[in-house]
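Enquirer: Next come the chains, spelled out residue by residue.
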Amino acid sequence: MTQRRPFFITFLAPAVLTAVILVAAMFEVLQYSVRAFIPGALDVGGFTLDNFTRINRPIYWWVMLDTFYISFLTAIFSLLLSYPVAFALVRARRDWVRSLLVSLSITPLFTGEIVRTFSWMLMLGSDGFINSMLRKLSLIDMPLQIMYTRFGVVVALVQFSMPVMIILLATAISHVDRDCEKAAANLGASPGAVFWHVTLPLTLPGILSGIVVVFAWTMSAFSTPQLIGGGKVLMIANLAYLQGFSVLNLPFAATLSLIALVSALGSLVLMKSATSRIEKRLAIA
Amino acid sequence: MKKLCIALGALAVMASAGAASAQEKLVVSTWGGNWKAGVEIIGKEFTKRTGVEVEYITGGTLDRLAKAKVARGNPESDLVNTTAHVGYLYYSDGLMEKLDYSKIPNAADLYPLARRSDYTVSDYVYVYTPAFRTDSMPKDFKIDSWEVLWSPEVAGKLGLPDFDPSHIIIAATRLAGVSPAEWDKVKPKLLELKKNIKAFYQSDATSQNLMRTGETPVQVLLNINGYHLEKLGLPVKIEVPKEGAVVGTDVWGINAGSKKKELAQQFINLALEPEMLAQLCNFHKCSPMNPKAKLDPAIASLPGIFTSAEQIQKEAILVDDKTYATLLPQWKAWFTENMMH
Numbered sequence: 001m002t003q004r005r006p007f008f009i010t011f012l013a014p015a016v017l018t019a020v021i022l023v024a025a026m027f028e029v030l031q032y033s034v035r036a037f038i039p040g041a042l043d044v045g046g047f048t049l050d051n052f053t054r055i056n057r058p059i060y061w062w063v064m065l066d067t068f069y070i071s072f073l074t075a076i077f078s079l080l081l082s083y084p085v086a087f088a089l090v091r092a093r094r095d096w097v098r099s100l101l102v103s104l105s106i107t108p109l110f111t112g113e114i115v116r117t118f119s120w121m122l123m124l125g126s127d128g129f130i131n132s133m134l135r136k137l138s139l140i141d142m143p144l145q146i147m148y149t150r151f152g153v154v155v156a157l158v159q160f161s162m163p164v165m166i167i168l169l170a171t172a173i174s175h176v177d178r179d180c181e182k183a184a185a186n187l188g189a190s191p192g193a194v195f196w197h198v199t200l201p202l203t204l205p206g207i208l209s210g211i212v213v214v215f216a217w218t219m220s221a222f223s224t225p226q227l228i229g230g231g232k233v234l235m236i237a238n239l240a241y242l243q244g245f246s247v248l249n250l251p252f253a254a255t256l257s258l259i260a261l262v263s264a265l266g267s268l269v270l271m272k273s274a275t276s277r278i279e280k281r282l283a284i285a
Numbered sequence: 001m002k003k004l005c006i007a008l009g010a011l012a013v014m015a016s017a018g019a020a021s022a023q024e025k026l027v028v029s030t031w032g033g034n035w036k037a038g039v040e041i042i043g044k045e046f047t048k049r050t051g052v053e054v055e056y057i058t059g060g061t062l063d064r065l066a067k068a069k070v071a072r073g074n075p076e077s078d079l080v081n082t083t084a085h086v087g088y089l090y091y092s093d094g095l096m097e098k099l100d101y102s103k104i105p106n107a108a109d110l111y112p113l114a115r116r117s118d119y120t121v122s123d124y125v126y127v128y129t130p131a132f133r134t135d136s137m138p139k140d141f142k143i144d145s146w147e148v149l150w151s152p153e154v155a156g157k158l159g160l161p162d163f164d165p166s167h168i169i170i171a172a173t174r175l176a177g178v179s180p181a182e183w184d185k186v187k188p189k190l191l192e193l194k195k196n197i198k199a200f201y202q203s204d205a206t207s208q209n210l211m212r213t214g215e216t217p218v219q220v221l222l223n224i225n226g227y228h229l230e231k232l233g234l235p236v237k238i239e240v241p242k243e244g245a246v247v248g249t250d251v252w253g254i255n256a257g258s259k260k261k262e263l264a265q266q267f268i269n270l271a272l273e274p275e276m277l278a279q280l281c282n283f284h285k286c287s288p289m290n291p292k293a294k295l296d297p298a299i300a301s302l303p304g305i306f307t308s309a310e311q312i313q314k315e316a317i318l319v320d321d322k323t324y325a326t327l328l329p330q331w332k333a334w335f336t337e338n339m340m341h
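Protein chains in written order, with the UniProt record's numbering: chain Z, 1 to 285; chain Y, 1 to 341.
BS3-like cross-link-like pairs, simulated, lysine-lysine; straight-line CA separation at most 25 Å:
no., chain 1, residue 1, chain 2, residue 2
1, Z, Lys232, Y, Lys194
2, Y, Lys189, Z, Lys232
3, Y, Lys195, Y, Lys242
4, Y, Lys187, Z, Lys232
5, Y, Lys195, Z, Lys232
Distance windows between CB atoms, simulated:
no., chain 1, residue 1, chain 2, residue 2, range
6, Y, Gly233, Z, Ser138, 27 to 33 Å
7, Z, Leu270, Y, Asp140, 57 to 63 Å
8, Y, Lys189, Z, Leu65, 24 to 30 Å
Hints listed in this document are in silico derivations from the structure and should not be mistaken for laboratory results.
Treat the numbers as computed from the prediction; the structure is a model and nothing was measured.
Glycine included, each C-beta is placed from N, C-alpha and C at the ideal position.
If we strip away everything but chain Y, and leave its shape as in the complex, we get:
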């Protein structure tokens, strides 16, 4: 009997310890692969400082959005790391909590473009910009303007993402001097580009593969992918055209219904700390949204990396999240129907 009581007591202690650690867990929803590895840099530091474990659930941008919708009111995660315009879809559908910026003091230091909304805040940005294989193009070839993508030299060589045509459409509106909302006016110009497109890529991996194999020696790609290819030794040149590169923004938001809002805000505050951002952006080779974050000079000098407000002003093409989120479905539908077949 005594042994039984001891065993039951031990079980009760183990169970309560388990419950305590379960309570002290912060669940973060993010992408897999390298993106998760980046978030883990923040997660490790968070655990070190607070003793709270961080658990990760990963998936694609839209899969996670769909899951969050299904789990409305009882979210699987406490924090969401997603793309800014998808963040708009989250909060416009009531899937995110309002941020209390007084609990995120580091947000005060950010560039204005980083405070996307009352619900979302950005820690870094990246760009979609033209890049090319120097060994597959003429010696004097350069992409100093998006217009070059329409040139005969690029005929049958261009690769574009099939999941997001926004970059080329936004660039075309910039060339035409109209706003993205007036994109109807650039439809004929976009159709002219069709002859230059060789293939569409479906993911970062297929983008890199198409460039690696030389199938599409000219691409509009994520600058981070371009740097990765350079690191692998491929002769890839990433260009920022004079009209600028199209900025993509990742944001943090707190799932509506999260019971750990305080901890989630602490996590976001940590993510916006200059030292953390410098670590994260040195890892991803992206642009930190806190000007106090000091990047390695070699990374700071890369094309498409912004280190000052002036540089953002000069080299970045920005579109607000609402415009992006509401126009993107139209852009994608039109692109699928008119450019892809």
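So that you can see chain Z by itself, here it is in the shape it has in the complex:
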């Protein structure tokens, strides 16, 4: 006998509606990507595959590679900086320490991306906080060029991504069975060995999901590379924006968006399969 689910369709309707709108929008992007651009006109021309052949120009490959590179670095550095915070957050003995860490790590989520990016511009600029401090300490004569570089963009993106990474890691760390750690310690393992051989492997699923989420999130970053990169560091979203809203070449902007979407999905599939393999290996061990 099938179980009755009285509100199933009602509850499902918003999700279906959202999915239909999303698919329709994606279809619109797809159909724009195979239309010709007419300079100086608002309308698009007939069917063409020129937009896809244009992607072969080196600039687009470089921007795509840059996007992957920046996203990868952001994911790795977010992980390295977030893990100790998440660990302290879960394992702190005093409530006020936990509360403080929660406030410090999560509050940035409630400030807008633009506000945070502007703060970083004040920090990283030639006359910004970092350069001023280094100059006052007589460590440098000339200001370091941090703005308009990949390094500057990655710094800002890492800070932007850290709250999400911390939440994911804290969840994983809180699920670690403390008895396993105690057993390892009782058998003579040093605290470092316990962490390396027990805690870290048990939090690996959280680490992997954190990397996947931050990588995918950064792939579509726009305002941070736009403002910190100052046009000298372009990610794929910036290029699509420039083509769409500056050149008014909506067909090519649609092509770039499609390629970015396919690349992001492809890399997520690859990561997912790698993650599954690692998780399986861990389960066997």
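Please build the complex by placing chain Y on the supplied structure of chain Z, with the hints as guidance.
Expert: Coordinates of chain Y only, in the frame set by chain Z:
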């Protein structure tokens, strides 16, 4: 029952009053911030003279164009205030009404360059021109020619807009003695400039920020932004090179399908009145297109402000709207692919 009838009557009166005031509203599409504040100077006077309220809808140049396209036949606004070459995109796509210049008598007084087309008329112009921070450059540094932007002194210091590379391309064609349509010939020269570019700015605000922080102490910028920085006390020098400054033109046009064409034309006529233009240009620090408009002497003497036909002839680099509108996408595409990464 009597009370009910009175209440219904009052509601009907209120509703009809609301409908009347809705009919007497002129909707103007313009930019936000200071640009809107400028248009409001005209709007207030218009309301004072005609009793017609003016409502404003604001947005970016291209956002508003896209909205106008979507709302074709049933426009959100009656009047559009936009950039001249974007005005070309509006009317070439059937989004603007033809102007009846007999209903805009003040247009007869304008400089010839102000009557852009049968659909658009300009009230003022501004320039994109080089400017620099005097405290960040050598003492004897000056930009008397666009060529200076290519000099080693500017290496790694130049800021340009990412949304419009036309100014530097037009300047390069002027230096090479070719027309903007022959811009292919100056591509190698433009590539030589790459080493001097430090960053690209995305808006007036980021242009000012880059100059304020000294990140790009040399910029090709909107003269109005430069004056604003000077007002803030920054040591910024705005230069008009001997080849001239690249003129940007804002225009008025009437949305196709507007039911208030007469009122819209009255508004445009008011906007072109010498006194109104003087007020507007004293506010923005721009060049009025009506030679009868008398600016404050301090503003009239600023670099990049034109007060006579001779000065325009000598100091302005002008490009017609059609050339601009059709070449700009090519310029932007080439610039993005070759200069920005």
